[in-house]
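Using the sequences plus the hints, can you model the full thing?
These protein sequence lines map, in sequence, to chains D, R, G and V. Heads up, the first sequence is in UniProt numbering, so the first residue is 1 and it goes up one at a time. Heads up, the second sequence is in UniProt numbering, so the first residue is 1 and it goes up one at a time. Heads up, the third sequence is in UniProt numbering, so the first residue is 1 and it goes up one at a time. Heads up, the fourth sequence is in UniProt numbering, so the first residue is 1 and it goes up one at a time.
Check each hint, because a few of them may be wrong.
Here are the simulated DSS-like cross-link-like pairs (lysine-lysine), alpha carbons at most 25 angstroms apart as the crow flies [to be verified]:
hint	chain 1	residue 1	chain 2	residue 2
1	V	202	V	228
2	G	2	V	279
3	V	179	R	120
4	G	179	D	120
5	V	332	G	39
6	R	200	R	10
7	V	45	G	332
8	V	228	G	202
9	G	45	V	332
10	R	10	R	59
11	V	2	G	202
12	G	279	V	39
13	V	279	G	332
If you are wondering where the hints come from, they were derived from the structure by calculation, not from laboratory data. What you are looking at is a predicted structure, and each value in this text was computed from that prediction instead of being measured.
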Amino acid sequence: MTNSVELRQKLVAAVLQVVESHAEELTSLDQAIGDGDHGINMKRGFEAVAADAASLTAKPWPEFLKAVGMTLVMKVGGASGPLFGTLFMTLGKELPLEPSQDDLVKAFRAAIVAVQGRGKAEPGQKTMLDVLIPVAEQLEGGNRDLDALAAKGHAAAEATKPIKAIRGRASFLGDRSIGHMDPGARSSALLIEAVAGVLKEVA
Amino acid sequence: MTNSVELRQKLVAAVLQVVESHAEELTSLDQAIGDGDHGINMKRGFEAVAADAASLTAKPWPEFLKAVGMTLVMKVGGASGPLFGTLFMTLGKELPLEPSQDDLVKAFRAAIVAVQGRGKAEPGQKTMLDVLIPVAEQLEGGNRDLDALAAKGHAAAEATKPIKAIRGRASFLGDRSIGHMDPGARSSALLIEAVAGVLKEVA
Amino acid sequence: MKKLINAVDTVLSETLDGFAAAHADIVELGEERKFLRRKALKKGKVALISGGGSGHEPLHGGFVGHGMLDAACPGQVFTSPTPDQMLAAAQAVDTGGGVLFIVKNYEGDVMNFAMAAEMAGDMIGSPIATIITDDDVAVETSTYSTGRRGVAGTMIVERLVGAAAEQGQDINALQAYGKAVNARTRSMGVALTSCTVPAAGKPTFTLADNEMEMGVGIHGEPGRRRVKLASADDIAAEMMGAITGDLAPKPGQQAVLLVNGFGGTPSMELYIMCNAARKILAGQKVLVARCLVGSYVTSLEMAGCSLTLALVEDGDLALWDSPVHTAALRWKM
Amino acid sequence: MKKLINAVDTVLSETLDGFAAAHADIVELGEERKFLRRKALKKGKVALISGGGSGHEPLHGGFVGHGMLDAACPGQVFTSPTPDQMLAAAQAVDTGGGVLFIVKNYEGDVMNFAMAAEMAGDMIGSPIATIITDDDVAVETSTYSTGRRGVAGTMIVERLVGAAAEQGQDINALQAYGKAVNARTRSMGVALTSCTVPAAGKPTFTLADNEMEMGVGIHGEPGRRRVKLASADDIAAEMMGAITGDLAPKPGQQAVLLVNGFGGTPSMELYIMCNAARKILAGQKVLVARCLVGSYVTSLEMAGCSLTLALVEDGDLALWDSPVHTAALRWKM
Ligand SMILES: Nc1ncnc2c1ncn2[C@@H]1O[C@H](COP(=O)(O)OP(=O)(O)O)[C@@H](O)[C@H]1O
Ligand SMILES: Nc1ncnc2c1ncn2[C@@H]1O[C@H](COP(=O)(O)OP(=O)(O)O)[C@@H](O)[C@H]1O
Ligand SMILES: [Mg+2]
Ligand SMILES: [Mg+2]
Ligand SMILES: [Mg+2]
Ligand SMILES: [Mg+2]
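See below:
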């Protein structure tokens with residue numbers, strides 16, 4: 001198995017790659033039911049993370065994740081900045097120096113709870129939570145297959161289409177938000193797939 | 001022959017009709033090389049004349065023409081308002097109470113001179129003068145055939161196309177004014193045709 | 001995308017540089033362009049800080065100066081600014097009287113300002129308080145949703161609270177006053193065309209030649225419904241109807257009327273809308289005590305406008321009329 | 001045609017009604033809406049009257065008030081007003097000091113104002129004088145042509161002469177001063193889109209998605225040439241190049257810079273152009289003493305902007321800074 005610095009480098013690279021290659025798609029999704037900046041925001045944030053990769057990945061897991069979260073908070077802006085920032089920062093706060101799989105599953109749930117606290121949203125309101133929570137539940141249910149995890153994320157993102165948005169800018173659309181995939185759900189699924197891909201590769 | 005009140009009424013009606021039915025065309029010509037208001041301006045002016053027709057046509061020829069000119073000055077605005085206004089006002093000033101054909105020819109020339117004074121333009125600069133002057137010359141040359149007069153006006157308007165504008169808004173276009181008919185030349189030709197038509201009818 | 005720009009990436013920085021240079025008598029640009037601040041601070045005065053995504057100019061930077069804001073934090077186009085910006089601004093303009101954030105009700109703005117307030121800790125010695133503006137009646141409120149958006153009415157809150165701050169009111173009084181002004185201010189907008197976020201490169205939405213978006217937000221977010229283009233009078237009637245239906249002004253009530261262009265609509269049309277709105281208000285015996293007509297809270301080059309009505313109470317008009325000197329609003333100085 | 005209007009025929013009258021109502025503290029609408037006049041006149045002061053086709057708002061009505069114009073005569077959209085309007089305005093605002101017409105150099109405007117001056121006769125007791133503004137360098141001058149157009153620089157003439165009139169200068173001095181200011185003021189514009197005269201119902205011209213009209217006038221009249229859309233820096237370089245090429249400012253020369261939006265261009269882009277223009281001027285060591293950025297002399301909803309540079313001499317800046325209170329320009333009152 002790769003050493004953990006290398007693993008963090010791979011994760012940073014993979015996440016940047018997926019966000020950059022899907023930035024336009026995310027922006028298009030946000031143009032349909034938001035304000036058309038989600039891809040631009042995510043790209044700006046993960047580019048900042050990647051620009052700082054050398055110093056960030058040298059830190060141990062908790063510090064690395066907290067720093068990634070803080071970078072996202074300070075660079076992404078919009079709604080997704082504080083939310084993804086909170087997700088990563090909380091992961092960092094919750095994880096021990098040498099996390100086990102169980103630690104990861106627990107920390108992921110804690111991070112989601114923090115995101116809910118920050119955004120005051122519930123599942124079923126057409127947000128990133130509608131991907132994060134089903135994925136957490138599958139993990140908690142004991143299925144830790146990485147492909148299945150990625151698949152779950154994408155299926156959950158797909159499943160935001162029929163939902164009427166209650167939170168986020170899409171909520172201003174009311175019924176007209178129905179039929180469109182939530183941009184933050186899509187980006188969450190992409191991030192999960194990217195992370196799963198790296199973990200699978202090094203497993 | 002019709003009495004002169006009736007003749008003035010017919011002239012007012014004919015002139016209004018030709019301006020209204022060609023307003024869009026005149027505006028289009030002005031959109032190509034000016035500011036897109038010539039048809040609108042002419043229509044506003046001659047509608048005001050027509051609205052006042054009862055009182056205007058009751059006046060004798062000199063007063064009638066002066067009043068038409070003053071109405072145009074006060075209602076048309078733009079470059080064409082003072083110019084057509086001056087044309088009609090000068091006709092009124094120059095004509096005797098019972099004008100002969102010769103009086104008309106002389107007054108027309110005097111009116112053109114006044115228009116030149118007002119607008120500081122010379123023939124060949126792509127303006128209404130390029131219709132008014134050739135028509136005056138044909139009259140002065142002894143050809144008083146009304147159809148020929150109308151034809152001369154239209155031919156002269158057509159002949160403004162290759163001219164590079166030196167006066168009026170079209171002059172800002174420089175070489176790009178070449179190839180387009182001057183809107184004021186076109187409206188002048190139309191007015192001449194309308195007047196000739198009425199005179200022929202009552203002749 | 002047809003814009004007078006050099007590159008998509010430098011739109012914001014060049015805008016800020018141009019703005020700071022043009023208004024160097026009143027404002028200064030903070031380090032790394034994190035904020036625009038008022039040049040002359042007043043010791044002990046509560047510092048008013050606002051901010052939000054860019055693309056709404058002159059909001060908020062155009063309202064930095066005497067009688068309005070002490071600092072404004074510009075986010076990327078239509079993207080809320082980040083907490084480091086509010087923190088840097090607060091450090092720069094806090095003079096001991098406390099810091100009051102004025103935040104438009106969007107989840108992004110609310111969360112980023114909230115994180116800044118939480119992170120402030122020891123960095124800012126003074127207390128921090130927040131006013132959230134949510135004047136957009138186009139959004140139907142519901143307990144589950146985010147609530148109404150903060151739109152053009154925000155500038156009325158900034159003006160009145162700014163004037164009160166200038167007179168030395170304390171942070172609690174200002175926060176209470178700002179909330180009260182917000183509560184009697186309502187807006188609604190209509191778009192005739194979309195706008196293009198430079199980085200996106202194509203219009204946020206599309207409208208057919210005979211369509212308008214009624215109840216549009218200031219980011220080109222959709223509103224109540226997409227309908228056929230109507231006359232100025234009919235549009236004003238629907239917007240004012242929603243506003244006064246919600247505010248229920250009594251006959252004889254005084255108000256400030258703001259007819260706000262979205263960026264691509266010229267002055268003539270705004271005055272036609274002003275005329276239409278005033279006729280409606282006159283019919284309801286609402287007295288327009290002050291009237292602003294212009295493009296103050298925009299959505300890039302979107303064509304359209306919003307109407308805002310702010311009911312005024314004792315003292316409001318005196319504050320409104322007090323000296324103000326900002327790039328976009330100036331009188332008596 | 002997508003506009004916030006009720007009917008093509010009432011665009012002007014409703015605009016004027018809305019404007020007069022919104023700014024009732026400063027202006028009044030004359031009979032039959034022939035002119036907008038300043039509410040409070042100053043006995044013996046030279047009366048400044050301007051006017052021209054509508055569609056350039058806030059020019060000229062937005063500049064009626066203390067320190068600028070005494071009256072403005074609005075013509076139909078893009079059509080110069082008629083002599084009866086100038087005569088009625090002159091009768092209303094002449095207080096014995098004489099009447100000074102400020103006229104943009106278009107044949108229509110020049111002829112209509114000239115006819116008014118000729119007709120004034122006994123109606124106006126005081127002398128009448130005229131200043132013609134012709135600041136548009138896009139038009140190559142030639143002895144045979146009409147000469148340069150009067151564009152955005154006109155507002156600088158109106159401001160400075162207005163300030164001088166307020167200080168009691170006589171009509172001959174004001175006329176000479178206005179001519180001098182005009183002579184050291186130059187402008188040039190660019191359009192990214194056309195505009196639509198309401199009564200015409202369709203755009204005056206069309207530009208492809210990647211084209212701009214360099215040297216455009218304020219009625220959508222074509223300018224020097226139609227070219228590919230360029231960067232803000234390149235556009236500013238061409239426009240400023242033409243301006244300074246003509247004015248030939250010396251290093252250290254002070255100037256007023258006006259970055260003027262044409263109606264459909266938002267604030268961000270104007271500040272980007274401002275930034276670009278200032279960099280060029282700094283390179284030539286021209287000192288921007290005062291800077292205005294906004295949509296002051298427009299062409300309906302046309303997207304684009306103009307740059308204006310006015311070289312200043314002794315006393316100009318003091319006049320510029322003196323109190324002004326109009327709908328569109330206001331300070332120190
Ligand atoms: N309150 C919230 N809770 C959870 N997720 C949210 C919330 N508000 C917005 N989101 C997520 O953020 C996404 C939008 O992010 P982004 O476009 O970057 O920010 P903004 O909406 O401020 O422009 C939405 O698609 C949604 O998934
Ligand atoms: N100086 C001039 N002398 C003679 N005719 C002129 C002059 N200037 C303009 N014109 C005529 O006026 C016409 C334009 O009229 P119009 O469009 O109504 O006014 P404007 O140019 O002010 O918009 C031109 O086509 C031209 O024939
Ligand atoms: Mg978004
Ligand atoms: Mg014309
Ligand atoms: Mg956003
Ligand atoms: Mg015209």
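To see whether the hints hold, each was checked on the structure:
1. Of the supplied pair hints, the one linking residue 202 of chain V and residue 228 of chain V holds, its CA atoms being roughly 23 angstroms apart against a limit of 25 angstroms.
2. Between residue 2 of chain G and residue 279 of chain V the CA atoms are separated by roughly 23 angstroms; this keeps the pair inside 25 angstroms, and the hint holds.
3. The suggested pairing of residue 179 of chain V with residue 120 of chain R holds, with an alpha-carbon distance near 21 angstroms, which does not exceed 25 angstroms.
4. The suggested pairing of residue 179 of chain G with residue 120 of chain D holds, with an alpha-carbon distance near 21 angstroms, which does not exceed 25 angstroms.
5. Taking the CA atoms of residue 332 of chain V and residue 39 of chain G, the gap is near 18 angstroms; set against the 25 angstroms cutoff, the hint holds.
6. At most 25 angstroms may separate the alpha-carbon atoms for a hinted pair to count; residue 200 of chain R and residue 10 of chain R meet this at roughly 12 angstroms.
7. With a C-alpha separation of about 23 angstroms, the suggested pair residue 45 of chain V and residue 332 of chain G falls inside the 25 angstroms cut-off, and the hint holds.
8. Distance check on the hinted pair: residue 228 of chain V and residue 202 of chain G sit about 19 angstroms apart at the alpha-carbon level, within 25 angstroms; holds.
9. This hinted pair checks out: residue 45 of chain G and residue 332 of chain V have alpha carbons roughly 23 angstroms apart, not beyond 25 angstroms.
10. Distance hint between residue 10 of chain R and residue 59 of chain R is fulfilled; the C-alpha atoms sit about 14 angstroms from each other, no more than 25 angstroms.
11. Restraint check: the Cα-Cα separation between residue 2 of chain V and residue 202 of chain G comes to about 20 angstroms, which is no more than 25 angstroms; the hinted pair holds.
12. As the CA atoms of residue 279 of chain G and residue 39 of chain V are separated by approximately 23 angstroms, the hinted pair is consistent with the 25 angstroms bound.
13. Distance restraint check for residue 279 of chain V and residue 332 of chain G: the Cα-Cα separation of roughly 32 angstroms exceeds the 25 angstroms cut-off, and the hinted pair is therefore not satisfied.
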